[in-house]
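> Heads up: the sequence lines are chains U and V, in that order. Each step along the first sequence adds one to the number in our numbering, with nothing skipped, and position 27 is 27. Position in the second sequence (from 1) plus 1000 gives the number in our numbering.
If you're looking for bench data, these hints aren't it; they were derived computationally from the structure. Just to be clear, a hint being listed does not mean it is correct.
Said to hold, decoys possible - These stretches of chain V come out as covered by chain U in the derived footprint (C-beta under 8 Å, 3 or more residues):
no. : stretch
1   : 1018–1024
2   : 1032–1046
3   : 1119–1125
4   : 1165–1172
Claimed, not checked - Which stretches of chain U does chain V cover? Using the computed rule of at least three CB atoms under 8 Å from a CB of chain V, they are:
no. : stretch
5   : 52–62
6   : 78–86
7   : 91–98
8   : 109–119
9   : 129–139
From a predicted model like this one, the values you see are computed outputs, not experimental measurements. Here a beta-carbon is modelled for each residue, glycine too, at the ideal position from N, C-alpha and C.
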Amino acid sequence: MAKFEPKIVAFLCNWCSYTGADLAGTSRMKYAHNIRIIRVMCSGRVDPTFVLKSFREGADGVLICGCHPGDCHYHEGNYKCLRRYKFIKKYLGQMGIDENRIRLEWISASEGKQFAELADEMTEQVEALGPCRVRTVMENVS
Amino acid sequence: MENENKGKLKMAIYWGAACGGCCVSVLDVHEKLFDIVAAADLVFWPLALDFKYSDVEKMPDGYIDVCLFNGAIRNSENELMAVLLRQKSKIMVAYGSCAHMGGIPGLANFFDRKSIFDRVYFQSESTENPEGITPQPKYDAPEGELDIPAFYNDVLPLKSVACVDYFIPGCPPQSERLLEVFQAIASGAELPSKESVIGALEKSQCDECKRKKTDNKKVKQFFRPWEIEDDGETCFLEQGVICMGPATRGGCGVRCIEGNAPCRGCYGPPPDISDPGAKMMSAIATMIDSNDEEEIAGIVQSIDDIAGTFYRFSLPSSILRRKLIPEAVEAD
């Protein structure tokens, strides 16, 4: 069987984390290709619906990145994200989805290297958990 | 007899996995029931009238004008009747939270068939079952083979097995709303577009709620309703009591809140919201008055049952639909 390649959806905030990921790219750093980046204006824009939909559509993991605490372009979007993240994590746990499939990290615009390392680390973490069964279970009503 | 009934609407009311409250809500129109009976013939209603399934089978397709289907789909009988009634009805209405979103029976999606059977037929304190008898869909009796409905692994809303024309939400729907809808159908008025929710508002409960609200919702701790003394006039959320109002449609007349109990969400989400629980998490999170990671975690942990509270009526129609049960258990 071919090696399991996890699909990871990453929501990156426009002002810090996306720029950080961009820096990783422009600096020609290599990192796991499993990360699918979606740019949002702020980590506070990440509605729990987005995370649930990602799993529903076949994601094996979800990564959310925002500005470091105190650095949010919109003052407190990242704090709102942090609070929502705690809710989603607890909810996923209740729904039988491993809580380690979701992760929230702070990446600043200058942290290209940290982003590349995080991408590798997250990929490894999700790889160890194996494929997420939400999509197949959703499609096979019994 | 035939002539006398000419021009009268033919109405059917059926229940799937339901408590019976929806059927009672039809009776709750009180003396208006005479108006309904004057305008419509009830051709099938197991709660109140003695008709058999075979009577429905004999009806030509589209014979029933309006079918109010309440209850979720829990077993093969529910599905069979949903499909049959759909075929025989011009307008199929998902009546009540269970038919609309899965409702309270839908909370069984936190478990699977095996764990439910284990609990009910083996583990429960009042059960003695030394022979280990569990329901079998087929049984060889001396008189011949008998079959009973097969119990599904999942609870489903009506729309998962049959095409639904309208949804009337509520647990149970308010009788006044039913009357309005019935009068609209009986008068031949132009009906809303198919697959829409009727008998409810487009706006949320908060829009109808008369409690005092401020923009500054900041909460350090959440309470169960019995843990605090409600002042009777301030928004429940501002008092730290979880109220599903922001993610729930209005239209019920905020009866729970008027009775000093927070909204539980039976009317389902307003239009364009696919997952009321996710919206609720989003809304409640913004209210938490802390930026400290550990403190936030503590506040979130203080809410006992996030999934059960935020998806009390909507689990089977939510994005994740059910709890994932480890595969080894599911294979049995």
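> Return the numbers of the hints above that this structure violates; sort them in rising order.
Numbers 1, 2, 3, 4 and 8 - these are the hints that the structure violates, sorted from lowest upward.
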